[in-house]
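K.L.:
The residues making up each chain are set out below.
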Amino acid sequence: MSFILRRILFYIVAFLVAASINFMLPRLMPGNPIDIMFANAGNTLPPEAKKALAETFGFVERPLYEEYFIYLKSVFSWDFGISIKYYPLTVLDVLMMALPWTLFLAGTSVILAFCIGSMLGVYAAWKRGSWFDSLVSPSALAVQSVPALVVAITTLYVFGLVLQWLPTGYAYAPALDPGWTWSYFGSIAYHAIMPVGTLAFVSLGGYLITMRNNMIGQLGEEHVVMGHAKGLTDSRVRYNYAARNALLPSMTAFALSLGSVMGGSLIIEIVFNYPGLGNLLFQGIIARDYPLIQGQLIIMTLAMLTANLLIDFIYIFLDPRLRKA
Amino acid sequence: MLKFFSIILRNKKATAGMLIVLAYIGIALAAPLITSHDPLKRVARPHQAPTVEHSMGSTRMGRDVYTQFVWGTRTSLIVGFAAGLIVTVIGTLIGVTAGYFGGWIDETLNFITNIALVIPQLPLLLVLAAFIGQSDPFMIAMIIGLTSWAWGARVTRAQTLTLRKRDFIEASEQIGEPSWRIICVELMPNLLSIIGFNFIGSVVYTIITEATLEFLGLGDPLAVSWGTMLYNAQTSSAIAVGAWWEVFAPCMAIVVIGVGLSLLNFGIDEMSNPRLRTLGAINKAVKAQKKFDQNYKNAKGATS
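Order-wise, the sequence lines are chains E and H. If you're matching positions, the first sequence starts at 1 in the working numbering and goes up one per residue. If you're matching positions, the second sequence starts at 1 in the working numbering and goes up one per residue.
Just so you know, these hints were derived from the structure itself, not from any lab. Even glycine gets a Cβ: it sits at the ideal position worked out from N, Cα and C. Errors might be hidden in some of the hints.
27 Å max Cα-Cα, derived BS3-like pairs, lysine-lysine [stated by the list, open to error]: (1) E:K73 / E:K51; (2) H:K290 / H:K300; (3) E:K127 / H:K290; (4) H:K287 / H:K297; (5) E:K51 / E:K85; (6) E:K85 / E:K50; (7) H:K287 / E:K127; (8) H:K300 / E:K127; (9) H:K300 / E:K50; (10) E:K73 / E:K50; (11) H:K300 / H:K287; (12) H:K287 / H:K12.
Which residues of chain E face chain H? A few of them, derived with a C-beta cut under 10 Å, are [to be verified]: (13) F10; (14) V146; (15) I153; (16) T154; (17) Y157; (18) L161; (19) I267; (20) G284; (21) I293; (22) Q296; (23) M300; (24) A303; (25) M304; (26) L305.
Computed footprint of chain E on chain H; a stretch qualifies when at least three of its residues, placed anywhere within it, have a C-beta under 8 Å from a C-beta of chain E [claimed, not checked]: (27) 65-71; (28) 205-214; (29) 240-250; (30) 261-269.
Build the full structure now, drawing on both the sequences and the hints.
P.N.:
Here it is in structure tokens:
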């Protein structure tokens, strides 16, 4: 499994880079880094908490490399410091409360968008030049260039405020107690329709176009002609011969798009007042809660790297050439 | 230049995109001529719906939305083009260097590119912008430019790698041309379409990202741009009180320039890669064939 090993090594280095950016930034800014980071913490934080924060980020009078190792040690022991806005909660506590909502929102919509988009792409390529292709492909191009922010604001205004069909905030009705009840899960699903729908809509077009273009390339290949010549059914040629091979480059595009989906999720959470990482980040930015903003980068990078690792495993499943050696 | 335009005019998508982009550039250049006062001046009652006098309504602060839109166009375009240029220059430099020289140089640069691709963009930008503080639009252009080059570098590298193996490059090497000459004279002209694609894509990306960063409150609230218009609308809960016009103008502005630039990009892409053409071109070909067959039949009928 040298392929997976190499990938994991790569992800560890990528993670270290993100952590190093966090370490460098406050030290690159003009002025005293402690003053910058905790400028707004003066009134809310007791002095001992401030001291603990400074130690977490390695602001101790030592040579730079020792400070760096102190910071890395706190990152790897999951110590991201104390949140300034939500004192006395730690950054990790605050992030962990919000993370499941973001994973739910981004995960559901990205899977929805990828499946629907790819299916439509396969079909558009198969029926290339038909009314379906000429309707769907140009609209996908148009949708792709509309930013998430605009779609979210428009959806919120039309369905949330003018028509009042769907709730305009929160992950579930505030009156409900979380628990394993139908009404609770029903409420979650009801509140998720707009954010998930918006995010899926924004990313769908890209997957459709990628799949269509890959598929058109595949349809000209000899193994597809061979499939037809053997007298296989259309759907077998379409899915087992062409689409399966077209899926490989699509997966690469999928992995690359995860970052922008995550960004889209941040924005959509803010517009729909959804209690995920994006909303938290927004509060953190307003309060200039630097430990929280930095913890966010670490958590998001981790989420991104984990998703990429999962995609690597799917790759092995799809491409038998990677299984040996 | 004229030749360039005549090539663009051959493709409908590219023509439509070009017209949209030129219209925006016109608005940005003519900003002082088509507005009558400072965009930050209070000229109307708060949240006034669109009237003849204020064609796009007024904001919570009583500022004219139309004037803000026009001046915002200037900022957004300058930021978009500046950051697009930075992204393209860095991406092309890294991509071509990695693809042309190969070996450990390629491995190092490719490694760096992949890392930059895997670290989530928006959170990274947010951390940078948060530490820099209330950044003016040009600072935002800088940080977007310096963090978003990875995609372009990857695509340019891939294209350089395929060109690298072609005979004409090998031939130039055999003659003993210096590397800089091979890169600038032999490689670059063949990379132009990809570099252009990268540039236009980056401009769209920057305009959207700049608006997003400012919407999140990381910009300078006194700068006039589409992003700060959205930020001010959000903080004054314009949507909740039904003042849709305060949001409509910047949203439409972003969507239309995005569509325009993308059309231009896809048009250019279609021209260079005929396989991607959709219905229009195929139908045209089918029609031409039918007409040809018909004429052929008629001609044959006439002679026999």
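K.L.:
None of the hints should be skipped; say for each whether it holds.
P.N.:
Results for each hint:
no.	hint	in the structure
1	E:K73 / E:K51	holds, 17 Å
2	H:K290 / H:K300	holds, 15 Å
3	E:K127 / H:K290	holds, 21 Å
4	H:K287 / H:K297	holds, 15 Å
5	E:K51 / E:K85	holds, 16 Å
6	E:K85 / E:K50	holds, 13 Å
7	H:K287 / E:K127	holds, 18 Å
8	H:K300 / E:K127	violated, 34 Å
9	H:K300 / E:K50	violated, 94 Å
10	E:K73 / E:K50	holds, 19 Å
11	H:K300 / H:K287	holds, 20 Å
12	H:K287 / H:K12	holds, 18 Å
13	F10	holds, 7 Å
14	V146	holds, 5 Å
15	I153	holds, 6 Å
16	T154	holds, 7 Å
17	Y157	holds, 5 Å
18	L161	holds, 7 Å
19	I267	holds, 6 Å
20	G284	holds, 8 Å
21	I293	holds, 5 Å
22	Q296	holds, 6 Å
23	M300	holds, 4 Å
24	A303	holds, 8 Å
25	M304	holds, 5 Å
26	L305	holds, 7 Å
27	65-71	violated (count 0)
28	205-214	holds (count 3)
29	240-250	holds (count 4)
30	261-269	holds (count 4)
Hint violations for this structure: numbers 8, 9 and 27, all remaining hints satisfied.
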